[in-house]
Amino acid sequence: MVMSAAMVNAEAVHKRFGRVEVLKGITLQVQPGEVMCLLGPSGSGKSTFLRCINHLEKIHSGRLWVDGELVGYRQVGEKLHELRESEVARKRAAIGMVFQRFNLFPHMTALENVTCAPVRVKGTQRQQAREHGCSLLDRVGLGDKLDAYPMQLSGGQQQRVAIARALAMEPKLMLFDEPTSALDPELVGEVLAVMKQLAGDGMTMIVVTHEIGFAREVADTVVFMDGGVVVESGRPTDVLDNPQHERTRAFLSKVL
Amino acid sequence: MPSHEDTNATGRPEDIRAVPVRRPGRWIAAAIVLVVAASLVRSVVTTSGFQWSVVGEYLFDHRILEGLVVTIELTVIAMAIGILLGVILAVMRLSPNPLISRASWLYIFAFRGTPVLVQLLFWYNIAALYPKLSLGVPFGPAFVHPDANTLVTAFRAGILGLGLNEGAYMAEIVRAGIISVDDGQTDAAQSLGMTRVQTLRRIVLPQAMRVIIPPTGNETISMLKTTSLASVITVTELLYAAQLIYSVNFKPIPLLITVSIWYLVCTSVLYVGQHYLERYYGRGASRELGPTALTRWRAAMLSPKHEWS
Chain C
5 MVMSAAMVNA EAVHKRFGRV EVLKGITLQV QPGEVMCLLG PSGSGKSTFL RCINHLEKIH
65 SGRLWVDGEL VGYRQVGEKL HELRESEVAR KRAAIGMVFQ RFNLFPHMTA LENVTCAPVR
125 VKGTQRQQAR EHGCSLLDRV GLGDKLDAYP MQLSGGQQQR VAIARALAME PKLMLFDEPT
185 SALDPELVGE VLAVMKQLAG DGMTMIVVTH EIGFAREVAD TVVFMDGGVV VESGRPTDVL
245 DNPQHERTRA FLSKVL
Chain Y
101 MPSHEDTNAT GRPEDIRAVP VRRPGRWIAA AIVLVVAASL VRSVVTTSGF QWSVVGEYLF
161 DHRILEGLVV TIELTVIAMA IGILLGVILA VMRLSPNPLI SRASWLYIFA FRGTPVLVQL
221 LFWYNIAALY PKLSLGVPFG PAFVHPDANT LVTAFRAGIL GLGLNEGAYM AEIVRAGIIS
281 VDDGQTDAAQ SLGMTRVQTL RRIVLPQAMR VIIPPTGNET ISMLKTTSLA SVITVTELLY
341 AAQLIYSVNF KPIPLLITVS IWYLVCTSVL YVGQHYLERY YGRGASRELG PTALTRWRAA
401 MLSPKHEWS
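Protein chains in written order, with our numbering: chain C, 5 to 260; chain Y, 101 to 409.
This is chain C alone, in the form it adopts within the complex (with noise of 0.2 Å):
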């Protein structure tokens, strides 16, 4: 069964790390243009599913489907055959990721990190590149800062040249894992501004966060995660205003 309408369509995920299971069967589907947010507290799995989406992690049992083709093998008949590193590579190009640690290359500028991957893996010109990228980096409102080094910049500046780097690769999905985490909370604000941003552009965002007030005001859907499961998911304002599972509300009574 293929869902070719949803970008991301999980059915009954399972992942494990040695003998300790982190997914224990994760069902949900996001559609183009949704933003999703996915909730909950640390080790119940969320930054897990969202690696498992572009095959940094290897996933044990069920189907993962990112726009309607399974996610590091390929269905022939009955069996499952593993992708080649290259076609996983090719699939990955078309997913964005952004993380918690920000992650920029440190001995590149900021534009060379917004330029380096659609020159090396797309092998679009360099100076068309460099186009993109100018307009990028100015989007995200760095236009000024094209060749600062990640460590001359501010925990909110690096993230939203990440944000940037993955632009630049036009994904059709987008995945933030945790994207405000390592920021001062001062420089929270910026970070979610240019996610904002991105979301009214119509982008497919799956989002872990522990900021509810920005899953409150740009998600479409929020999803409850404790311990390898999803406890509920639902518009923000059922789930947040209106939890139905004890575990939601005492979690929320802690965050908010």
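It should be emphasised that the hints constitute simulated quantities derived from the structure, not laboratory data.
Fair warning: this is a prediction, and the values are worked out from it, not measured in the lab.
Certain hints may be false.
[Unchecked claim] Negatives, chain C to chain Y, calculated, CB over 12 Å:
id: 1; residue: GLU25
id: 2; residue: SER46
id: 3; residue: ARG67
id: 4; residue: GLN129
id: 5; residue: ARG130
id: 6; residue: GLU190
id: 7; residue: GLY204
id: 8; residue: GLY217
id: 9; residue: GLY238
id: 10; residue: LYS258
[What the hints assert, rightly or not] Facing chain Y, a subset of chain C residues (Cβ under 7 Å, in silico):
id: 11; residue: ASN58
id: 12; residue: GLU89
id: 13; residue: ALA93
id: 14; residue: ARG96
id: 15; residue: ALA121
id: 16; residue: ARG124
id: 17; residue: VAL125
Glycine included, every Cβ here is placed at the ideal spot set by N, Cα and C.
Chain C is fixed; fit chain Y onto it per the hints.
Same frame as chain C, now just chain Y:
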């Protein structure tokens, strides 16, 4: 009532001008060092055995200079082989395939665990083991059969011995560099669609260089001096060139000094090169690049407030 009213026109209190603590120990230590140094210099200048005039005579002798060229060739080629081999062995060692990783471990074990002098002699005598070498399909037909004695000259044996030995050391240095790079860098590179090779080449290795360069500089300086071991297998490098001369004129001391001067000149050049390489690969690692050695030296010499403390 005491107050801090000694303010100047801008309203800021004046800078503190305190009497510095006396440090007699430092003066005594400095005096001892000076006396020892002076007596050493006196001995070097006045002892006739040094024969400085002979040193001057041979410093630019064409045999010495030719030996110097061989020493530099040995250093450069052996280090190039060592670095290339080191990167390959380090990547093999980090391979998920246990056979490949073990093979790398075994190589490092063998080549790091035996003296380089033994290895040099081994390659020099390789003809005793394989009089005829052959190149072809393993267990199948061979295409060429070069004679080991003509193929492995003394110089090539030196290159092999030094380069293959160096590869084992460089492997550990490169591996330490690769491990020092944060895993998040690989995550980021792969999430952008880079393959493992691209990630290594474009993201991990350039960052690992910051950790790899300083010990590699040491290795190069060490290699420059280790090439003198090739004198044992009759490679006419700097030391052997000098030995050939003093075996005829019986003036070993001035010729060994001549050789030492040239080694010092080469290591000095290498120090400077290492400094600028470290600067290059350190870019992005700190907010600002520090001054180069030259500008720092100039600043120290020209600074009006040069302090002895």
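**Message:** If you test the structure against every hint from before, which numbers come out violated?
**Reply:** Per hint list: zero violations.
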